[in-house]
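Asks: Line by line, the protein sequences are chains A and B. With the working numbering, the residue at position 248 of the first sequence is 248, and numbering never jumps. With the second sequence counted from 1, adding 287 to any position gets you the working numbering.
Since the hints were made in silico from the structure, they are not lab data. By construction, the Cβ of each residue, glycine as well, lies at the ideal position given by its N, Cα and C atoms. Hints should not be assumed to be uniformly reliable.
[Claimed, not checked] Simulated coverage check for chain B against chain A, where a stretch passes if three residues somewhere in it have a Cβ under 8 Å from a Cβ of chain A: (1) 337-351; (2) 454-466; (3) 539-545.
[As the list claims (entries may be wrong)] Anything over 12 Å on all C-beta distances counts as not near chain A; from chain B, calculated: (4) Asn375; (5) Glu478; (6) Leu527; (7) Pro531.
[As the list claims (entries may be wrong)] If the Cβ cut is set under 8 Å, some of the chain A residues that face chain B in the computed set are: (8) Ser48; (9) His53; (10) Gly155; (11) Pro159; (12) Glu167; (13) Leu174; (14) Ile175; (15) Asp255; (16) Arg259.
Number of protein chains: 2
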Amino acid sequence: MASPAAPIGVFDSGLGGLTVARAIRTLLPRESIAYFGDTARLPYGTKSPATVHRFTRQCLRFLMGVRPKLLVVACNTASALALAQLRNDFEVPVIGVLEPGAVAAVEVARQAARSGGSTPGRAQRIGLIATEATIGSNAYPAAIRALDPALQVIGRACPLLVPMIEEGREESDLIVGLVLREYLQPFLEMEISALILGCTHYPIFASAVQETLGEEVTLIDSARQTALVVRDQLATMHALSQSPHDGRLTCYVTDQGQRFERLASRFLGEAVGQPVWVTPEMLETVE
Amino acid sequence: MASPAAPIGVFDSGLGGLTVARAIRTLLPRESIAYFGDTARLPYGTKSPATVHRFTRQCLRFLMGVRPKLLVVACNTASALALAQLRNDFEVPVIGVLEPGAVAAVEVARQAARSGGSTPGRAQRIGLIATEATIGSNAYPAAIRALDPALQVIGRACPLLVPMIEEGREESDLIVGLVLREYLQPFLEMEISALILGCTHYPIFASAVQETLGEEVTLIDSARQTALVVRDQLATMHALSQSPHDGRLTCYVTDQGQRFERLASRFLGEAVGQPVWVTPEMLETVE
Numbered sequence: 001m002a003s004p005a006a007p008i009g010v011f012d013s014g015l016g017g018l019t020v021a022r023a024i025r026t027l028l029p030r031e032s033i034a035y036f037g038d039t040a041r042l043p044y045g046t047k048s049p050a051t052v053h054r055f056t057r058q059c060l061r062f063l064m065g066v067r068p069k070l071l072v073v074a075c076n077t078a079s080a081l082a083l084a085q086l087r088n089d090f091e092v093p094v095i096g097v098l099e100p101g102a103v104a105a106v107e108v109a110r111q112a113a114r115s116g117g118s119t120p121g122r123a124q125r126i127g128l129i130a131t132e133a134t135i136g137s138n139a140y141p142a143a144i145r146a147l148d149p150a151l152q153v154i155g156r157a158c159p160l161l162v163p164m165i166e167e168g169r170e171e172s173d174l175i176v177g178l179v180l181r182e183y184l185q186p187f188l189e190m191e192i193s194a195l196i197l198g199c200t201h202y203p204i205f206a207s208a209v210q211e212t213l214g215e216e217v218t219l220i221d222s223a224r225q226t227a228l229v230v231r232d233q234l235a236t237m238h239a240l241s242q243s244p245h246d247g248r249l250t251c252y253v254t255d256q257g258q259r260f261e262r263l264a265s266r267f268l269g270e271a272v273g274q275p276v277w278v279t280p281e282m283l284e285t286v287e
Numbered sequence: 288m289a290s291p292a293a294p295i296g297v298f299d300s301g302l303g304g305l306t307v308a309r310a311i312r313t314l315l316p317r318e319s320i321a322y323f324g325d326t327a328r329l330p331y332g333t334k335s336p337a338t339v340h341r342f343t344r345q346c347l348r349f350l351m352g353v354r355p356k357l358l359v360v361a362c363n364t365a366s367a368l369a370l371a372q373l374r375n376d377f378e379v380p381v382i383g384v385l386e387p388g389a390v391a392a393v394e395v396a397r398q399a400a401r402s403g404g405s406t407p408g409r410a411q412r413i414g415l416i417a418t419e420a421t422i423g424s425n426a427y428p429a430a431i432r433a434l435d436p437a438l439q440v441i442g443r444a445c446p447l448l449v450p451m452i453e454e455g456r457e458e459s460d461l462i463v464g465l466v467l468r469e470y471l472q473p474f475l476e477m478e479i480s481a482l483i484l485g486c487t488h489y490p491i492f493a494s495a496v497q498e499t500l501g502e503e504v505t506l507i508d509s510a511r512q513t514a515l516v517v518r519d520q521l522a523t524m525h526a527l528s529q530s531p532h533d534g535r536l537t538c539y540v541t542d543q544g545q546r547f548e549r550l551a552s553r554f555l556g557e558a559v560g561q562p563v564w565v566t567p568e569m570l571e572t573v574e
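Required output: the full structure, derived from the provided sequences and hints.
Replies: See below:
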């Protein structure tokens, strides 16, 4: 049986999953988190399903070393390409970010349909922005249509958003505005009720996306939805932390250097201590 | 002694090094090339020196399996961060792309100084655009000042160029134009005689860069310079191919999938056959 004192393992290819860690810390401040970012091999969003599955499994195997009560795959690409296999690979529950986002988007679309709304068809359409690999996997449309076959999903890969965010560009930047307008154009031409921010980096640009699309479109940020699923899962397992103290956050990364610390606070919303360095070779030996 | 019939091993973190393979094939069509792209772990340009050295060494160890007469590190980041160590790691000569580019830039600056030129100081300044890691390494300024201590090098990291090129954007694209103008602004304010394209992807945007900077700036594309160094090195070793037939090009990649084939022809200037897939785990066992 899972110990309530055990940490939650959170995995991402890099830094973006810290937005999920942040949502968990806000909702469940007593939980300790072991965060793993595969910064030596990121990004996953341009890579094949086989490689994404293999890398993610190696990282989760390493995370199992802290004896977590639960694993969170806080990476949309890994959730889209490999979640089913990963659930077979491990004994503890594995929660992805894709399904919570899909559930929330379907709920928004249904509300829009109930309220009537301005444009016919808008309520039936859900937009999705994500990495090339996530779009190519078709996993979001599959998850959404499993919940409601009448819904349409329009997806668009946005390869420049992650490098723009990691470069430190702000939403007010001229180039950010132009790139967003280009990527979001299909969602203006074919109106949507909800837009899924299908990459954990994207919430950083949420205000600019909202401004481009207008108030009629509800943005779906999977981080908070995922935190709610984590809470429900832990409650079901009777494994919510009983500690009177705030939980710890320990970060593990595969690349050396200051880049993680420099960028991490933008995603976590608080300072991050020096991460623990794990070489990719060490991951291989864990297999 | 090296066999003239042996192939040349060319390494890059991904696809960009195919511009170097192309230059070698143009200059030395009789040579066979074994090209290795570490597509599962790219890009290297945001990673630490330790990780870049480790990954590159693993890939070169694998390439040694084809018994190459020469290794070319056709990756600016790896050349900047790890070339000296790599030369100790292997028995065959290892040629990087950094030094040939630095030599060519110094030659341009000297010619500009001799010819007088329009603006005082222009001849003394060399510009450099490259990845974050290459800029951070200070390797180009060190190589250039070792050749001529009177020269100044102004470097600028350009993190969006590689993803824009891999997204398939053309030079005529509005966003490409704006990003280039932003990145190249320092070289308009402080005039330069030469600009080093310090990443093997960048030649794809050479015309737009030239147009932004004007004809007084000479662009340095290391690919051709490196091919000349390869020729000289092989001649010195008496190892130039004596074959009456054109050489073969075999590609090895660490990621599965169609992305390599889809993008490779843009860099190589000819169709690329299906690459051989090597898992990163296989690289570990080579160590």
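Asks: Taking the hints in turn, state whether each one holds.
Replies: Evaluation of the provided hints:
1. 337-351: It holds: at least three residues are needed, and the stretch 337-351 of chain B offers 4 whose Cβ sits within less than 8 Å of chain A.
2. 454-466: holds (count 5)
3. 539-545: It holds, with 4 qualifying residues against the three required.
4. Asn375: holds, 20 Å
5. Glu478: The claim holds: glutamate 478(B) sits with its nearest Cβ about 24 Å from chain A, beyond 12 Å.
6. Leu527: holds, 37 Å
7. Pro531: holds, 39 Å
8. Ser48: holds, 4 Å
9. His53: violated, 11 Å
10. Gly155: This interface hint is violated because 16 Å lies over the 8 Å limit.
11. Pro159: Because about 5 Å separates proline 159(A) from the closest Cβ in chain B, which is inside the 8 Å limit, the hint holds.
12. Glu167: holds, 5 Å
13. Leu174: Constraint on leucine 174(A) satisfied, holds at 7 Å.
14. Ile175: holds, 6 Å
15. Asp255: holds, 5 Å
16. Arg259: holds, 7 Å
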